[in-house]
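The lines below spell out each chain.
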Amino acid sequence: MTTLFFIEHANGQVSDQSLKAISATSQIDGDVHGLIVGSDIDSVIAEASKIEGLNKLMHVDDDSFNNILAENLTQLILNISGDYEYFLAAATTTGKNVMPRLAAKLDVSQISEIIAIEGPDTFIRTIYAGNAIATVQTSDPKKVLTVRPTAFKSAVMGSSGCEITKINAENMPSISEFIGEELTKSDRPELTSAKTIISGGRGMQNGENFELLDKVAEKLGAAVGASRAAVDAGFVPNDYQVGQTGKVVAPELYIAVGISGAIQHLAGMKDSKVIVAINKDEEAPIFDVADYGLVADLFQVLPELEQAL
Amino acid sequence: MKILVPVKRVIDPYVNIRVKSDETGVETENVKMSMNPFCEIAVEEAIRLKEAGKAEEIIAVSIGNQSCQETIRTALAMGADRGIHVLTEKKIEPISIAKILSKICEQESPGLVISGKQAIDGDNNQTGQMLAALTDMPQGTFASKIEIDSDKVKVTREIDGGLQTVSLNMPAIITTDLRLNEPRYASLPNIMKAKKKPIDQKSPEDYGIDVTPRVNVLKVIEPPKREAGIKVENISELVEKLKNEAGVI
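Heads up: the sequence lines are chains U and X, in that order.
In terms of our numbering, the first sequence is residues 1 to 309.
In terms of our numbering, the second sequence is residues 310 to 558.
Hints are not guaranteed to be accurate.
[As the list claims (entries may be wrong)] Some chain X residues judged to face chain U by a derived CB distance under 7 Å, without partners named: (1) M439; (2) D469; (3) L472; (4) N478; (5) R488; (6) R523; (7) V524; (8) N525; (9) K540; (10) L547.
[As the list claims (entries may be wrong)] Each computed BS3-like pair below joins lysine-lysine, with the alpha-carbon atoms no more than 25 Å apart: (11) X:K412 x X:K400; (12) U:K219 x X:K540; (13) U:K105 x X:K399; (14) X:K461 x X:K359; (15) X:K311 x X:K511; (16) X:K399 x U:K142; (17) U:K195 x X:K534; (18) X:K311 x X:K412; (19) U:K273 x X:K534; (20) X:K552 x U:K273; (21) U:K280 x X:K540; (22) X:K550 x U:K273; (23) X:K552 x U:K219; (24) U:K215 x X:K540; (25) X:K412 x X:K399; (26) X:K329 x X:K528; (27) X:K528 x U:K142.
Just so you know, these hints were derived from the structure itself, not from any lab.
Note that CB positions come from ideal geometry on N, CA and C, so glycine has one too.
Start from the sequences, fold in the hints, and give me the full structure.
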């Protein structure tokens, strides 16, 4: 029984999400092999090889893998898939893009975004955006899983590295091509990996007022999100949206400002460790899930909050 | 060019989910059902491509019980041309759905398949990618922009941290993200017209696909309830609690 884990990296480091997700492999018997791709990534390879629990690290040194195409990465994993029983990756946009393609090529079902491992073939995952929790058992001989990073603690780094092997990218399909990437230039973390999030709702009244949140976010090193109501009202773009149809987040601290707490928003943030609600309507349902509620006018207290931090 | 749009019937996104007391699943009886929001976006995008003269025909496909016909009718009312309903009472997994869709692709030879990135019930986010694998087509998942340029399609994708653009050889599979468009509401005349549009009824057996589930749901429970916490009086009390009690700042 051996597990293959796909390790992601960015800016010269193993991604936080991969480090968290790979710790799920400690609950699966047998060796764990890592796969990491890209060119000129020696320092990342050295770092990744020290992840505790990793028995072997395979890497591809190839320019074409600096920007991952699902078609090519799937083929690469298929090329080495023979003896593996488990295939895991973090449920990032890359993991979600590639793993189902791999599962279908292996003719198995995928178990998406697991939050716990119950047994060799039994996993726990959320459905209905976290409104229900399902325990599922697969009868497939090979298991393809994506792992929700927020459900696991970061893997520990050992002192010495594991065996490192170079593999080649062969039989790559040429049916897709990378054109470009436009990464949001921000010193702030992105929503899905942020430790702290401050979100605004319809109570913000307009897009300009989101600057009040930006200022607090600056102090906290937080990401800024929004409710669907704020997005629908045109205050901020859709990629800010936290909720059932937006992003599902689970930060250490979630501050909901001027958000009433519609089901669709709660579904996206109620797994946050600590929830703060600031709303002038003391009847707002958001207070039912908040650890700390402040009934106040947000325009008065947001500047105070910024000052106090 | 034909565009194939798979559509799924799900519990309406604004309905409160109730977990059954026997832990076998989520209550779907007497609950308002709607087209999965990401599928609506897929239908809308197909219609826009047709309106722009890039496509001739839009085929909406749904797989499931008899009520799925309503979901197909919704797509037809929005502007799809015809429907295919694959009737099954069984609970059907993404891999089986992808297999049925791959057979439909063989028969219909669409230039594009546009599907939602995930359904808001199972939250699997698999079917589009699996269909791409089975048909060996390239995939543009989580699309926020689609541009067709002769035999290629350029897809801007929502990725963690920003946007990525890929160019795919057609035929290709695209899965939709929220920013792609805002779906239209069907007008009353179009709802009437949709009643006359054809829906082909099929079964998984017609496509020779065994839909026996590989994943057994052992139990479904409610998530742990969050207790309402305390009210604080002002910002300084809030900051003090977050620092010293919760230890999160």
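Take the C-alpha atoms of U:K215 and X:K540, compute the straight-line distance between them, and say whether it is at most 25 Å.
24 Å, holds
Just to be careful, I want the Cα atoms of U:K105 and X:K399 compared with a cutoff of 25 Å; is the pair within it?
Answer holds: U:K105 to X:K399 is near 24 Å, not above 25 Å.
Has the given pair, X:K461 with X:K359, been kept, meaning a C-alpha gap of at most 25 Å?
16 Å, holds
Is the hinted pair X:K412 and X:K399 satisfied, with a Cα-Cα distance of at most 25 Å?
Holds - the C-alpha atoms of X:K399 and X:K412 are around 19 Å apart, at most 25 Å.
Let's test the interface hint: is any C-beta of chain U closer than 7 Å to that of X:K540?
5 Å, holds
CA of X:K412 to CA of X:K400, is that 25 Å or under?
Answer holds: X:K412 to X:K400 is near 19 Å, not above 25 Å.
Is the interface hint satisfied for X:N478? The criterion is a beta-carbon contact with chain U at less than 7 Å.
Since chain U brings a Cβ to about 5 Å from X:N478, closer than 7 Å, the hint holds.
Under the criterion that the straight-line Cα-Cα distance not exceed 25 Å, is the pair X:K311, X:K511 satisfied?
19 Å, holds
Keeping to a limit of 25 Å between CA atoms, is the pair of X:K552 and U:K273 held or broken?
Measuring from Cα to Cα gives roughly 14 Å; hence the hint holds.
Can X:L547 be said to touch chain U, with a Cβ gap under 7 Å?
6 Å, holds
Would the hint linking U:K273 and X:K534 be met if the CA-CA limit is 25 Å?
Answer holds: U:K273 to X:K534 is near 13 Å, not above 25 Å.
Keeping to a limit of 25 Å between CA atoms, is the pair of X:K311 and X:K412 held or broken?
At roughly 15 Å apart (the allowed maximum being 25 Å), X:K412 and X:K311 satisfy the hint.
Going down the numbered hints, you'll see the structure goes against none, and every one checks out.
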